[in-house]
Amino acid sequence: MSLIHIQNLSKHFKILNRREGLGGAFRDLFSGNYRTVEAVSDVSFDIDAGEIVGYIGPNGAGKSTTIKMMTGILKPSGGIIEVNGRPPYDNRIRQAQIMGVVFGQRSQLWWDLPVIESFKILKEIYKVDQKTFDRHMNMFNDLVGLSALYSQQVRTLSLGQRMLCDITASFLHNPQVVFLDEPTIGLDISVKAKIRSVIKELNSERNTTIILTTHDLGDVEALCHRIIIIDKGKILYDGDIKKVNALFGAYRTLKLQLDNFNETTIQILNDKLCERFGTSNGITVAETEEFWTDVTIDQARTPLSDVLNFVMSNFPVDDVRIVEISMENVVRKVYDGALG
Amino acid sequence: MRSYLPIARGTFMVGLVYRFGFLFTILGNIVYLSVAYYLWRSIYRYSDVIRGLTFNETFLYVGLGSAVFILLKTYADWYIHYEIREGLIANYLIKPIDFQLYNLSANFGSLLMNLLAITLPTAIMPGLVFKVTISPGAGLFLFPISLLLAFLISFSIDYFIGLMGFYSESVWGLSTTKEIIVTVFSGALIPLQFFPEAIQKVLYWLPFQAIYHTPLMMLTRPQQGLDIFLPMMAVQLAWAVILFVAARLFYNQAIKVLRIAGG
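Top line first, the protein sequences correspond to chains A and B. Take 1 as the starting number for the first sequence in the numbering used here and just add one per residue. Take 1 as the starting number for the second sequence in the numbering used here and just add one per residue.
Because the hints were derived from the structure by calculation, they are not lab data. It cannot be assumed that every hint is accurate.
Unchecked claim - Distance windows between CB atoms, simulated:
| no. | chain 1 | residue 1 | chain 2 | residue 2 | range |
| --- | --- | --- | --- | --- | --- |
| 1 | A | Thr156 | B | Lys73 | 27 to 37 Å |
| 2 | B | Pro121 | A | Asn91 | 39 to 49 Å |
| 3 | A | Asn8 | B | Trp78 | 36 to 46 Å |
| 4 | A | Tyr150 | B | Val31 | 35 to 45 Å |
| 5 | A | Asn8 | B | Pro144 | 51 to 61 Å |
| 6 | A | Lys200 | B | Ile181 | 51 to 61 Å |
| 7 | B | Ile181 | A | Arg35 | 37 to 47 Å |
| 8 | A | Gly21 | B | Ser170 | 18 to 28 Å |
| 9 | A | Tyr150 | B | Trp78 | 28 to 38 Å |
| 10 | A | Gln7 | B | Val184 | 55 to 65 Å |
Even for Gly, the Cβ is constructed at its ideal location relative to N, Cα and C.
Model the full assembly from the supplied sequences, consistent with the hints where possible.
Below is the structure:
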């Protein structure tokens, strides 16, 4: 049986329609004009014990709302949701014992106290016995090398250190499922790598189910076998990451700043690229911000290095950046039927 | 119990971290007590006993009143309101703990910190500097219990106001109004004996006097009999239970706003 079972889950919020201006604000005082927003509608999926699932989507897609329903903070408007066979919202205290949660944006550690004190408090809250506690702390120590931080006040930690401590804290009571909401937000590449390896290690060591929401496709690529893409409250894709990976993994965007940029530049660039690489080359050219020209390249069809060489030798290039495809672009491509 | 004691310990330790902040509170208290001393001195210039209280008793009441006032001032309403409004309450909802008991424990930790850092230094002032004495009596033994009940009442009122965070963006107006009502009607500012008889009778049955007046009477006139103290404590106990349960019911109602309408 699956650890998390979600069937036709939906969540509606009622939001007051606000009117414009001062007069509108006064009339709103007596207004009953609500509209219903469907944050999550008709979502179904099952997650087995030990899985790492990437739950992704653009801002406002309904990711956090789903997580809040799984953790029992929000009550669903409709549908079935069960974690370990029980609906989370009716058994909040009991369910909390088998869950761990990290909200990347807000720490659950005691801001003013040394790190170790937060762990001690959590130990008592979750009724973890001393032996298990010591064993866990040793394991985390080997994994993360936290002991140097124990005596430091939480507010003096760097963002990366704090996040590692928060993740450690969420695993302290050996939960069956851990929800990681944006665990790598605002972190640099090396700390991200560290956090990914810690998550991976904990998952394989303890068979903890992990549900990860993120904006960083790198996280998903590094950790998940399965990915669920959600947008506007509906599931767009649920399945193997390899298929999605082939899609966004192959795309790169070459950002160019060209000298003498004018209205015709994009057209000229596009024509020259077609001339050189053929018409079905998997290359699209567009202006996204002022003075920057974006060339999106499907590497399966045309190697990035060839395009770069061609552009560099034929155009007066001031500056170049290469970026991975963004979450928004992936979602757009999924919409366009790329995963069919 | 095991889950909640470390929380009190935690807030106590947070208090230790900010130890220098207490110095200024004590300093402020010294100024307040000096002003109160000369004010009441001049009021007592033409008679030894006013409304059945001697100068010694009145000043003890006012001095210890300010000490107890600081003791119970844990700003729970502000903290709880902030955590709800900012969505930090999610961090509590994912833990196997009761929100009310969590906050009660956290406040108990702050209370102990206040006791050591501010209340005790302030409380000895009337004795050492102004030569005011406490006479022996049964009230002294009842005082700690009465103070604990006062803490429960004070916490429940603060918790209640904090929970308004589910409905309102700002807690300033509510908190300030509460502060004034409690300060005036509890006897924290002026001993209740100085109020008109009729108002005193009404105030007797309200929860506010149970916070300050009741425990303070046990210190200023401890020689009074149990027949006076026990009914007063019964009123305290009743309010402690009523407010604690009412706050609990209110929470169960208010949390639905969050869980249904979203945070």
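Hints and how they fare:
no.: 1; hint: A:Thr156 x B:Lys73: 27 to 37 Å; result: holds (28 Å)
no.: 2; hint: B:Pro121 x A:Asn91: 39 to 49 Å; result: holds (47 Å)
no.: 3; hint: A:Asn8 x B:Trp78: 36 to 46 Å; result: holds (42 Å)
no.: 4; hint: A:Tyr150 x B:Val31: 35 to 45 Å; result: holds (41 Å)
no.: 5; hint: A:Asn8 x B:Pro144: 51 to 61 Å; result: holds (57 Å)
no.: 6; hint: A:Lys200 x B:Ile181: 51 to 61 Å; result: holds (57 Å)
no.: 7; hint: B:Ile181 x A:Arg35: 37 to 47 Å; result: holds (40 Å)
no.: 8; hint: A:Gly21 x B:Ser170: 18 to 28 Å; result: holds (23 Å)
no.: 9; hint: A:Tyr150 x B:Trp78: 28 to 38 Å; result: holds (31 Å)
no.: 10; hint: A:Gln7 x B:Val184: 55 to 65 Å; result: holds (57 Å)
Hint violations for this structure: none, all hints satisfied.
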